[in-house]
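Colleague: These protein sequence lines map, in sequence, to chains G and C.
Those letters in the first sequence? Residues 42 to 472, per our numbering, in order.
Those letters in the second sequence? Residues 42 to 472, per our numbering, in order.
Calculated from the structure, these hints are not laboratory results.
Treat the hints with caution; some may be incorrect.
One copy or two, it doesn't matter: identical chains are merged, so the pair holds either way.
[Said to hold, decoys possible] Simulated pairs of lysine-lysine, BS3-like, Cα-Cα distance not exceeding 27 Å:
#, residue 1, residue 2
1, LYS430, LYS376
2, LYS417, LYS165
3, LYS444, LYS222
4, LYS182, LYS444
5, LYS438, LYS222
6, LYS91, LYS444
7, LYS175, LYS417
8, LYS222, LYS147
9, LYS325, LYS157
10, LYS165, LYS147
11, LYS430, LYS444
12, LYS286, LYS202
Residues per chain are reported as follows:
There are 2 protein chains.
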Amino acid sequence: MQVAKELFDPEKSGAILKGMRVELITTGSELLLGQVLNAHPGYLSTRLAKMGLELARQTAVPDGRGAIREVLGEVWGRGGVVILTGGLGPTSDDLTREVVAEFLGKPLEEHPEIEKKILGYFAKRGLVAPDSVKVQSQVPKGMEVIPNDAGTAPGLLWEEKGKMLVVLPGPPRELAPMFEKYVEPRLRAYSRPAEWMRVVRVTGIGESAVQERCEEELRRLGFTAVGYCARPGEVDVRLRGADEKLLEAGVRRVREILGAAVYGDGAETMEEVVVRLAKRAGVKLATAESCTGGLVASRLTDVPGASEVFLGGWVTYSNEAKMRDLGVAGESLAKYGAVSGAVAGEMAAGARVRAGADWAVSVTGIAGPGGGNENKSVGLVYLGIAGPKGVETIEKKLVPERKVFKAMASQVALDLLRNKLLPQLLPKSEV
Amino acid sequence: MQVAKELFDPEKSGAILKGMRVELITTGSELLLGQVLNAHPGYLSTRLAKMGLELARQTAVPDGRGAIREVLGEVWGRGGVVILTGGLGPTSDDLTREVVAEFLGKPLEEHPEIEKKILGYFAKRGLVAPDSVKVQSQVPKGMEVIPNDAGTAPGLLWEEKGKMLVVLPGPPRELAPMFEKYVEPRLRAYSRPAEWMRVVRVTGIGESAVQERCEEELRRLGFTAVGYCARPGEVDVRLRGADEKLLEAGVRRVREILGAAVYGDGAETMEEVVVRLAKRAGVKLATAESCTGGLVASRLTDVPGASEVFLGGWVTYSNEAKMRDLGVAGESLAKYGAVSGAVAGEMAAGARVRAGADWAVSVTGIAGPGGGNENKSVGLVYLGIAGPKGVETIEKKLVPERKVFKAMASQVALDLLRNKLLPQLLPKSEV
Numbered sequence: 042m043q044v045a046k047e048l049f050d051p052e053k054s055g056a057i058l059k060g061m062r063v064e065l066i067t068t069g070s071e072l073l074l075g076q077v078l079n080a081h082p083g084y085l086s087t088r089l090a091k092m093g094l095e096l097a098r099q100t101a102v103p104d105g106r107g108a109i110r111e112v113l114g115e116v117w118g119r120g121g122v123v124i125l126t127g128g129l130g131p132t133s134d135d136l137t138r139e140v141v142a143e144f145l146g147k148p149l150e151e152h153p154e155i156e157k158k159i160l161g162y163f164a165k166r167g168l169v170a171p172d173s174v175k176v177q178s179q180v181p182k183g184m185e186v187i188p189n190d191a192g193t194a195p196g197l198l199w200e201e202k203g204k205m206l207v208v209l210p211g212p213p214r215e216l217a218p219m220f221e222k223y224v225e226p227r228l229r230a231y232s233r234p235a236e237w238m239r240v241v242r243v244t245g246i247g248e249s250a251v252q253e254r255c256e257e258e259l260r261r262l263g264f265t266a267v268g269y270c271a272r273p274g275e276v277d278v279r280l281r282g283a284d285e286k287l288l289e290a291g292v293r294r295v296r297e298i299l300g301a302a303v304y305g306d307g308a309e310t311m312e313e314v315v316v317r318l319a320k321r322a323g324v325k326l327a328t329a330e331s332c333t334g335g336l337v338a339s340r341l342t343d344v345p346g347a348s349e350v351f352l353g354g355w356v357t358y359s360n361e362a363k364m365r366d367l368g369v370a371g372e373s374l375a376k377y378g379a380v381s382g383a384v385a386g387e388m389a390a391g392a393r394v395r396a397g398a399d400w401a402v403s404v405t406g407i408a409g410p411g412g413g414n415e416n417k418s419v420g421l422v423y424l425g426i427a428g429p430k431g432v433e434t435i436e437k438k439l440v441p442e443r444k445v446f447k448a449m450a451s452q453v454a455l456d457l458l459r460n461k462l463l464p465q466l467l468p469k470s471e472v
Numbered sequence: 042m043q044v045a046k047e048l049f050d051p052e053k054s055g056a057i058l059k060g061m062r063v064e065l066i067t068t069g070s071e072l073l074l075g076q077v078l079n080a081h082p083g084y085l086s087t088r089l090a091k092m093g094l095e096l097a098r099q100t101a102v103p104d105g106r107g108a109i110r111e112v113l114g115e116v117w118g119r120g121g122v123v124i125l126t127g128g129l130g131p132t133s134d135d136l137t138r139e140v141v142a143e144f145l146g147k148p149l150e151e152h153p154e155i156e157k158k159i160l161g162y163f164a165k166r167g168l169v170a171p172d173s174v175k176v177q178s179q180v181p182k183g184m185e186v187i188p189n190d191a192g193t194a195p196g197l198l199w200e201e202k203g204k205m206l207v208v209l210p211g212p213p214r215e216l217a218p219m220f221e222k223y224v225e226p227r228l229r230a231y232s233r234p235a236e237w238m239r240v241v242r243v244t245g246i247g248e249s250a251v252q253e254r255c256e257e258e259l260r261r262l263g264f265t266a267v268g269y270c271a272r273p274g275e276v277d278v279r280l281r282g283a284d285e286k287l288l289e290a291g292v293r294r295v296r297e298i299l300g301a302a303v304y305g306d307g308a309e310t311m312e313e314v315v316v317r318l319a320k321r322a323g324v325k326l327a328t329a330e331s332c333t334g335g336l337v338a339s340r341l342t343d344v345p346g347a348s349e350v351f352l353g354g355w356v357t358y359s360n361e362a363k364m365r366d367l368g369v370a371g372e373s374l375a376k377y378g379a380v381s382g383a384v385a386g387e388m389a390a391g392a393r394v395r396a397g398a399d400w401a402v403s404v405t406g407i408a409g410p411g412g413g414n415e416n417k418s419v420g421l422v423y424l425g426i427a428g429p430k431g432v433e434t435i436e437k438k439l440v441p442e443r444k445v446f447k448a449m450a451s452q453v454a455l456d457l458l459r460n461k462l463l464p465q466l467l468p469k470s471e472v
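Build the full structure now, drawing on both the sequences and the hints.
Modeller: In structure tokens form, the structure reads like this:
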């Protein structure tokens with residue numbers, strides 16, 4: 042892109058910032074009014090971690106000159122790299138460009154090349170640009186422009202005496218490519234060795250049990266601090282250290298202690314692990330879901346290339362659907378109920394045969410808030426796994442909160458698949 | 042719960058804080074290392090907004106005495122209510138209890154009643170409590186204890202001269218019930234009238250177009266600031282004002298201007314709207330998904346009571362599944378390809394008939410990153426909607442980024458259902 046090269050040189054180095062502190066300011070009233078989940082801290086810290094950089098702090102403030110000006114002053118005063126997101130759009134509550142210009146004492150100037158690019162962006166889509174979007178072509182005098190290849194609002198960059206201010210638009214699909222293509226090369230000069238943190242991902246064991254079983258061993262190896270993080274259906278063990286060998290030994294030790302409960306030791310999600318194992322084993326998968334309502338299938342299909350191993354699935358919410366689509370016996374439903382091991386087993390077996398899959402997993406349970414009774418309470422779930430050698434079922438009692446329940450149940454389902462696909466467990470012909 | 046009543050009186054009033062500022066501090070290295078999405082700001086600000094309270098700022102800091110102490114000092118110095126989350130667990134990186142005790146100058150004391158409750162929590166689940174969990178029964182002298190009915194770590198509360206410090210555990214499923222049951226009654230004394238903000242939710246129109254069509258009219262009505270927030274597949278218009286009549290007039294005006302593109306004006310999500318409309322119309326729904334991989338069904342089943350209207354769905358990722366389960370013609374797949382209006386229409390029609398539903402929606406497209414070609418690029422999607430009067434299909438070009446694409450496509454699918462279920466469009470017999 043022509044404009045990009047002229048206005049922004051990603052190879053330009055910034056020398057003075059070695060070992061720098063990085064802070065993130067996210068602006069936008071929606072982040073503080075309960076409208077929107079703030080995805081920037083997660084995304085940016087993941088990208089920074091890959092460079093050995095770490096967010097020292099993240100602050101969210103509402104749209105508003107005063108609020109943005111105040112926090113920018115505080116954070117800029119602490120030095121290092123400041124990433125400021127949001128408020129570069131065309132609407133009247135987008136104030137970041139003006140506040141930054143004022144804060145740095147730089148007048149806003151029209152930038153005809155950017156205006157041309159913005160008008161072109163609309164024209165290419167057969168749309169007429171509303172007048173309001175033209176404000177996005179204003180640049181505080183002397184700031185570098187970070188091209189926006191996925192939208193209209195360009196980013197801004199300023200560097201002085203060991204400090205860097207990076208201003209990026211709020212929409213994640215615009216921010217992400219800008220950060221990766223233009224900002225990361227500028228930050229890379231100050232990054233630590235790539236190996237300085239490893240996360241071991243564990244499922245099926247609680248947080249305090251994980252610590253009790255691992256921490257002493259890890260301290261003996263030489264780790265001075267170990268971090269833990271529990272989420273629905275999983276616990277992360279976070280190992281940090283400058284020494285690659287130590288990190289490797291730590292990961293190995295946790296794997297030895299916790300065995301198959303460890304499902305990964307990198308950035309890979311459970312669904313990515315399952316898709317990767319299935320590809321390697323050359324097997325096809327199918328799903329049969331009741332209470333998870335399609336979440337297991339949706340997680341599998343979040344993984345690029347899932348279509349190579351995932352044939353499809355059924356969301357059989359009604360009893361009729363379970364019988365008609367999966368061949369569940371009416372007697373089983375009458376005798377044991379839809380939430381039962383018998384029905385889970387028949388669902389998995391039916392899905393496997395009908396889809397022509399090697400492995401099928403099923404879930405049937407009570408997500409709540411309704412549907413429970415004295416015998417079967419909200420949170421109860423049965424899962425089935427059908428493979429070449431037959432069907433197994435398990436019973437679990439999960440958290441009786443609908444969305445947490447769905448997340449946990451989908452995790453158990455994916456973990457059933459993972460365990461069956463672990464290479465040492467597969468018959469030789471399938472590996 | 043006995044302990045609760047003795048230690049914490051939710052009716053106790055705090056008088057001095059009227060019109061107070063609320064700030065949130067979330068602790069936890071995982072929030073800054075890219076491991077975890079921070080859900081607390083969204084949840085807490087939603088709850089606060091219902092009381093007319095607003096988060097003035099949210100700050101995330103890593104686990105670490107220095108970092109927590111520093112930010113607590115800054116925020117406590119600004120006054121008002123401070124909510125501090127995370128770091129109350131049993132593992133070695135849980136430091137918040139100690140930092141708060143030190144900061145307020147209160148020694149930690151063992152609290153036998155809490156210890157008894159924690160041991161009981163494990164016993165009830167047939168587990169032996171690891172020694173490490175007992176640290177959670179320590180309380181800084183004189184602080185009130187907020188009972189944790191869903192876990193082991195109690196919360197803490199301190200009130201002095203117009204300031205309040207609320208300390209809550211990190212896991213959302215523990216924090217949420219504690220906040221709603223014990224903290225909200227304490228905050229309610231300082232809340233503004235319930236009606237001070239309305240959010241109008243719009244789908245199918247871009248952010249700048251929404252502003253261009255609405256803002257002048259809203260200013261004319263008397264609104265001094267209007268907020269906008271764009272997410273995949275939707276735009277929020279945020280109206281604020283102390284006057285209920287003005288808010289009502291604003292919502293009505295936006296609805297008049299944007300028509301059916303407005304899908305709601307409260308906290309209701311698109312899937313909640315669809316389930317509510319389907320219940321009112323007494324109709325049954327089904328889904329047939331390819332590229333969204335079950336996300337449409339999963340969103341519908343996120344809604345409590347979805348089982349009353351949602352019969353089930355198919356995730357037909359392979360061509361075979363489309364033919365076998367939905368009756369898509371092999372000729373259509375050969376002639377038009379799986380990503381085509383013809384196939385979308387046949388998928389919807391097949392799902393409707395096979396599920397015995399009144400309405401069925403289908404989605405087939407290219408989520409990427411692979412699968413595109415010169416004729417059909419990543420982001421292309423066809424949707425079908427089948428109802429009593431036949432089948433309609435539409436073509437859309439969405440963002441070629443897998444997860445954003447899935448989110449947008451599922452939104453379009455749900456919106457197709459919504460439009461068909463709007464009461465004025467239903468035949469009288471179905472309303």
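Colleague: Work down the list of hints and note, for each, if the structure agrees.
Modeller: Hints and how they fare:
no. : hint            : in the structure
1   : LYS430 / LYS376 : within (26 Å within a copy, 39 Å between copies)
2   : LYS417 / LYS165 : between (57 Å within a copy, 17 Å between copies)
3   : LYS444 / LYS222 : between (36 Å within a copy, 20 Å between copies)
4   : LYS182 / LYS444 : neither (48 Å within a copy, 37 Å between copies)
5   : LYS438 / LYS222 : between (46 Å within a copy, 24 Å between copies)
6   : LYS91 / LYS444  : between (31 Å within a copy, 21 Å between copies)
7   : LYS175 / LYS417 : neither (60 Å within a copy, 32 Å between copies)
8   : LYS222 / LYS147 : within (26 Å within a copy, 50 Å between copies)
9   : LYS325 / LYS157 : neither (50 Å within a copy, 50 Å between copies)
10  : LYS165 / LYS147 : neither (33 Å within a copy, 64 Å between copies)
11  : LYS430 / LYS444 : neither (33 Å within a copy, 35 Å between copies)
12  : LYS286 / LYS202 : neither (36 Å within a copy, 53 Å between copies)
The earlier numbered hints that this structure contradicts are 4, 7, 9, 10, 11 and 12.
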